[in-house]
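Undergrad: For reference, the chains in residue letters:
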Amino acid sequence: MERLAAFQLGGQHPLYVKYDPVFDALIILLVSPQTETVVHYVDQHVGLLYTPDDLEIVGLQVEAFERSFLPQHDSLQRVWRLSDASAELKDAGDVILAFAQVTPRVAQEVARATEPILGKAGQAFTRAVAYTYAA
Amino acid sequence: MAGREEEVKAAIERPTIGIFSDADFPERQIYYFLQKEKKRYLKVVVQFKNADEPGEVITAFTTDSPKKGEKMVWPIFDP
Numbered sequence: 000m001e002r003l004a005a006f007q008l009g010g011q012h013p014l015y016v017k018y019d020p021v022f023d024a025l026i027i028l029l030v031s032p033q034t035e036t037v038v039h040y041v042d043q044h045v046g047l048l049y050t051p052d053d054l055e056i057v058g059l060q061v062e063a064f065e066r067s068f069l070p071q072h073d074s075l076q077r078v079w080r081l082s083d084a085s086a087e088l089k090d091a092g093d094v095i096l097a098f099a100q101v102t103p104r105v106a107q108e109v110a111r112a113t114e115p116i117l118g119k120a121g122q123a124f125t126r127a128v129a130y131t132y133a134a
Numbered sequence: 000m001a002g003r004e005e006e007v008k009a010a011i012e013r014p015t016i017g018i019f020s021d022a023d024f025p026e027r028q029i030y031y032f033l034q035k036e037k038k039r040y041l042k043v044v045v046q047f048k049n050a051d052e053p054g055e056v057i058t059a060f061t062t063d064s065p066k067k068g069e070k071m072v073w074p075i076f077d078p
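Residue numbers (numbering that gives the first Met the number 0), protein chains in the order written: chain A, 0 to 134; chain B, 0 to 78.
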């Protein structure tokens with residue numbers, strides 16, 4: 000977890016959040032999306048993403064996100080609905096702006112929701128996410 | 000998944016630890032292919048929208064183990 004700790008010490012750093020609507024998975028990364036990662040499942044929905052070379056945790060992958068995970072977490076569901084308000088926005092620029100504004104909140108809520116499952120790694124991840132900005 | 004097409008094809012043709020059903024989506028099948036040199040698996044998710052149509056690969060990524068809740072529907076491939 001050295002890299003997670005370094006994220007906190009190094010000040011603000013970019014946060015990458017992507018939702019794949021076909022796979023129904025939310026991916027949160029504290030490193031570039033081009034970074035090679037491996038999924039280590041901790042339960043039926045949540046997987047830690049780590050880099051294979053140094054085994055450092057750099058993100059989270061939540062599967063069956065809208066189908067199963069979201070309904071179990073009320074506060075996350077409320078924040079997620081804000082990002083889903085895109086249908087009422089005027090153009091693509093508005094959509095991107097709206098998602099960028101809620102992205103850190105979504106990441107923070109997901110980190111909080113997964114903390115009990117992830118234990119110490121989850122606490123470190125939550126702290127690391129708190130020092131991010133939407134990339 | 001880009002650039003890993005051959006590996007994805009191999010996973011579907013010769014899944015190392017059989018074919019699994021997804022934990023949350025019954026219309027999906029999961030194929031695991033052992034990357035021996037790395038001691039990890041390529042996981043390929045295939046979605047079948049209709050029973051009479053071919054499935055579609057919707058994602059593929061590396062994992063170190065199968066996921067809880069997945070059930071084996073076809074046993075190990077061993078020619």
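If you are wondering where the hints come from, they were derived from the structure by calculation, not from laboratory data. Please note that a few of the clues may not be correct.
As the list claims (entries may be wrong) - In silico BS3-like cross-links for lysine-lysine, where the CA-CA straight-line distance does not exceed 27 angstroms:
id	chain 1	residue 1	chain 2	residue 2
1	B	K48	B	K70
2	B	K8	B	K67
3	A	K17	B	K48
4	B	K67	A	K17
5	B	K67	B	K38
6	B	K70	B	K35
7	A	K119	B	K8
8	B	K8	B	K70
9	B	K38	B	K8
10	B	K48	B	K8
11	B	K38	B	K70
12	B	K8	B	K37
13	A	K17	B	K8
14	A	K119	B	K38
15	B	K67	B	K37
Claimed, not checked - Derived coverage of chain B by chain A (criterion: at least 3 residues anywhere in the stretch with Cβ under 8 angstroms from a Cβ of chain A; other residues may be distant):
id	stretch
16	15-27
17	60-66
Computed from a predicted model, the values in this text were never measured in an experiment. By construction, the Cβ of each residue, glycine as well, lies at the ideal position given by its N, Cα and C atoms.
Undergrad: May I ask which of the numbered hints given earlier this structure violates, with the numbers listed in increasing order?
TA: 7
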